[in-house]
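J.: The chain contents come next:
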Amino acid sequence: MSSPDRSAELLVIAERVVAMAAPGEQVEAYVSRGLSTEIRVYEGEVEHFVSAQSESIGIRVIRDGRTGTSSCGTLDASEIAEVLAEARDNLGYGEPDEWAGLAEPDGFAVVPQSLWNDSLELTTTQRKIELAKLLEKLTLAGDSRIRVDDSNYSDAAGEAAVATTTGIRVAGRENGCYLSVGTLADDGNETQTGFGFAVGRNVDELDIERAAREAVDRATRLLGATKPDSRRVTVVLDPFVTAQFLSIIGGTLNGESVVKGRSLFAQRMGETVASSLLTLVDDPTNPLAYTATDIDGEGLAARRNVLIQDGVLSKFVQSSYSARRMGLPTTGNGRRGGSGAGCLALQILPGTRSQAEIVAGIDDGILIQQVQGLHSGVNSVSGDFSTGAAGLLIKNGTLGAPVREFTIASTLQRMLMDIAEVGGDLEWLPMSATGVSLVIHDVTMSGA
Amino acid sequence: MIDNDILERVLAEGLRTGADFAEVFASDWRGTGVGLDDGKIEQLSTGRNRGAGIRVIAGETTGFAHTADLSEAGLMAAARVAAEAARQGGGGIKVVALTTQAARIVSPIKIDPSTIGKAAKVDLLRRVDDAARSAGGAITQVSAGYSDGRTRIVIANSDGLVAHDERVRTLLRVSAVANGDAGMQTGFDSLGHTMGFELFDKVQVEDVARAAAGRALTKLKARPAPSGSLPVVIKAGSGGVLFHEACGHGLEADLVAKGASVYRGKVGELVASPLVTLVDDGTMTHEWGAIAIDDEGHPSQYNVLIENGILTDYMWDYLRARKEGRPQSGNGRRQSYKDLPMVRMTNTYVLNGEENPADIIKDTANGVYVAHLGGGSVNTATGDFVFGMTEAYLIENGEITEPLREGNLIGNGPQVLRDIDRLGNDFAMGNPGTCGKDGQGVPVGDGQPTLRVKSMTIGGTAS
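Residue numbers (my numbering), protein chains in the order written: chain Y, 1 to 448; chain C, 1 to 463.
Calculated from the structure, these hints are not laboratory results. Any given hint might turn out to be false.
[As the list claims (entries may be wrong)] Straight line, CA to CA, 30 Å or less: simulated DSSO-like cross-link-like pairs of lysine-lysine:
1) LYS221/C with LYS133/Y
2) LYS118/C with LYS227/Y
3) LYS202/C with LYS40/C
4) LYS260/Y with LYS258/C
5) LYS258/C with LYS137/Y
6) LYS437/C with LYS258/C
7) LYS323/C with LYS315/Y
8) LYS221/C with LYS437/C
9) LYS258/C with LYS40/C
10) LYS323/C with LYS202/C
11) LYS323/C with LYS133/Y
12) LYS362/C with LYS454/C
13) LYS227/Y with LYS258/C
14) LYS258/C with LYS202/C
15) LYS266/C with LYS110/C
16) LYS323/C with LYS258/C
17) LYS202/C with LYS118/C
18) LYS454/C with LYS260/Y
19) LYS221/C with LYS362/C
20) LYS437/C with LYS137/Y
21) LYS133/Y with LYS437/C
22) LYS227/Y with LYS40/C
23) LYS323/C with LYS137/Y
24) LYS227/Y with LYS454/C
25) LYS40/C with LYS266/C
26) LYS315/Y with LYS227/Y
27) LYS266/C with LYS260/Y
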């Protein structure tokens, strides 16, 4: 038997808090509860088994433009009263902000998502352990030079509810599972590392063979890699790398950054900011997206937003706060607890050609298969970026020798303009952005 | 927080399915955070988080469960889940008798931040905002955060240990944006110690604000960083994170045991320039990574990892030390009661050399002077690492000249350690850091004197 949806109980708790609002106060309560399992296998044995239960409540109170928040890791009634009292006390120290306020229901229809799967709950512990063991076994069988660092199964189930004095009442639950494996490849001279993963709403959706294959491939393909010479090149970003860049670009197309003078695209609305090949959407309503959701962190309907259309900047994602301050409608991208706005499920609209077809048309270039230190190397305010990378050289249309220990650098502004092709190989990844092969001209490569 | 007789019964429950080790880690955290942005105190938040994690080890298998319910019933339920997860068959009754360890204090606290009014914390940030904005007309935005936290901890295990600790950390972060003809630039600085509110009697928050603003302003005039390999001089206190990444992680016994470290099997060998002596020191009073006991109850230690270039030892937690039949080194740490402990660093630093730092710069014909490093990461199996340079200058003919825009610095840990050819006598600790490993973040410190690396790859865009 699977358990019933108890998120309604959480909504009752949230509503109880909201009912305690004093006249002139806006109150928001966000209540959540989760259960997760993590199993790590090493050399055919369970190395650790973690069973985790958590619950929390976050309360935000706004009065006269001042905001106070408080949170607590338990749902005990006595503690909740203290959390509300603390949030009230805290708002006294904030400064009035004329735009402060909770989200208001905006009538935008919720696109229902199937985020819960009963069969995952019914999966036995034994089956979960076997999956992690099988992944380790398949990975080791993939290549004699491979060792497995750890093979992991994890799953998580969460339920959450949000209620506000402005009339928001939402509750729901979600679960999913994840397999991952870390690999080491040795050739006698050196060691390289790789990883593979699979995600699903239930264990039958986990593509375990692919996870094993990719973990072997990622580690072995870098064996014997050398450091390339410094020069300017055309790069092809592997879908997984593109997705990591997209997450950063998404962070700059954010109404909160714009109103606070921190977005490099602040004055560019309606202007060409990217190659006309680029159309960038944030679409959490697409059920294929790993981060698909029906509501945002403020309880409003999640929705499809086109941020860049054919290279022209068309929209910033907004929280209710940034939207109010910019005099625009919200886009359903508020973060939990009023902590800003964020993209939920970014995607570049794909082109037509496969990565192999793209590579065949490049005389001199490099296929970037992994990046390291992207977050420390990108300044999303100035746009400067520089990242460690590894990949394969492209010579006369074919993939050649592996290279590593070099950086690629440009600015985000230039890189978007220099996009020369978008691949047709859309990949849904376990992150808030999807991947696709991307060709970018004139990137500085620093190596030897 | 929890009485010894309850801890004894919970540990016995953990051992009921035949396990050979059980542990309770309970913590109660309370903290305050204040954020300032866009000239306004945005919100003041307070939080509380308490709970216990129960670890049961049977042979090679670890079972772990955690609960926010610190009652005996809640702890017993978690112990049963952990024991079941680690079940090895067998079973039996074991009795646990606990001996409370004497309290140990590494960072004495004078003023518990929870006794300070919220208004005083808000006032610190207003001072920060004023100071950063007065640093120059080009400063267009300032954000700053203050946070403090006090965690009470109880650790008990089936070897009879019960240890208590109380940890206080106080942190200030400042980020400034400057706007010039060539676009926006950012500057960041932070201050964090295992100290109470007396921290602000010793350090003027205006200095932290001006440092952040100064970095942003300097970069307005910056030119693109070079691209390619050059000598790099790293200012004292700004590059300890390089050692944390470039070799510290590779000296963690859990990674070594799995062969995921380039330093496996290298104890007793020359792994660095003979100039380098590297230490991990949890006892360094008031530093961000200081701890009286680690999160397994073991007292923190001063551990020499590399002495005059020779690898002397790795860092150890309970599990790895037990497997090797050797003592722990006080490096078993975890993010919270919800997490399993792992081998982690504390304060990792390079001891002083003998040279005058000015001579090191004077003797460098052409290169890069790094005055502030941002975050970084390492692949411990290959030693390849990456760092962001957040404040750097060109060195031309032995003199520091023009500021550089941001870029990454990359290299290979073992190679860089061998390539250190000059070491200054001006040791300083760096900014407070958060070290991430396997999804867990823990507070760490780092430091070094001014030093030179013969050649590193600078990932700029200038040819």
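J.: Next step is simple, just say for each hint if it's right about the structure.
T.: Structure-based check of each hint:
1. LYS221/C with LYS133/Y: Violated, at roughly 56 Å.
2. LYS118/C with LYS227/Y: violated (54 Å)
3. LYS202/C with LYS40/C: Distance of about 26 Å is within 30 Å: holds.
4. LYS260/Y with LYS258/C: Distance ~47 Å between LYS260/Y and LYS258/C Cα, so the pair is violated.
5. LYS258/C with LYS137/Y: The hint holds at about 17 Å.
6. LYS437/C with LYS258/C: Satisfied, since the Cα-Cα distance of roughly 15 Å is no more than 30 Å.
7. LYS323/C with LYS315/Y: violated (57 Å)
8. LYS221/C with LYS437/C: violated (36 Å)
9. LYS258/C with LYS40/C: Answer violated: LYS258/C to LYS40/C is near 50 Å, above 30 Å.
10. LYS323/C with LYS202/C: violated (45 Å)
11. LYS323/C with LYS133/Y: The hint holds at about 22 Å.
12. LYS362/C with LYS454/C: holds (14 Å)
13. LYS227/Y with LYS258/C: holds (27 Å)
14. LYS258/C with LYS202/C: Not satisfied, since the Cα-Cα distance of roughly 44 Å exceeds 30 Å.
15. LYS266/C with LYS110/C: The given pair, whose Cα atoms are some 43 Å apart, is violated under the 30 Å limit.
16. LYS323/C with LYS258/C: Holds: LYS323/C and LYS258/C sit about 13 Å apart, inside 30 Å.
17. LYS202/C with LYS118/C: Given that 30 Å is the threshold and the Cα spacing comes to 20 Å, the pair holds.
18. LYS454/C with LYS260/Y: Outside the cut-off at roughly 42 Å; violated.
19. LYS221/C with LYS362/C: Given pair LYS221/C, LYS362/C holds - Cα atoms ~23 Å apart, limit 30 Å.
20. LYS437/C with LYS137/Y: Roughly 25 Å separates the two Cα atoms, so the pair holds.
21. LYS133/Y with LYS437/C: holds (23 Å)
22. LYS227/Y with LYS40/C: violated (48 Å)
23. LYS323/C with LYS137/Y: holds (24 Å)
24. LYS227/Y with LYS454/C: holds (17 Å)
25. LYS40/C with LYS266/C: violated (54 Å)
26. LYS315/Y with LYS227/Y: violated (41 Å)
27. LYS266/C with LYS260/Y: Not satisfied, since the Cα-Cα distance of roughly 51 Å exceeds 30 Å.
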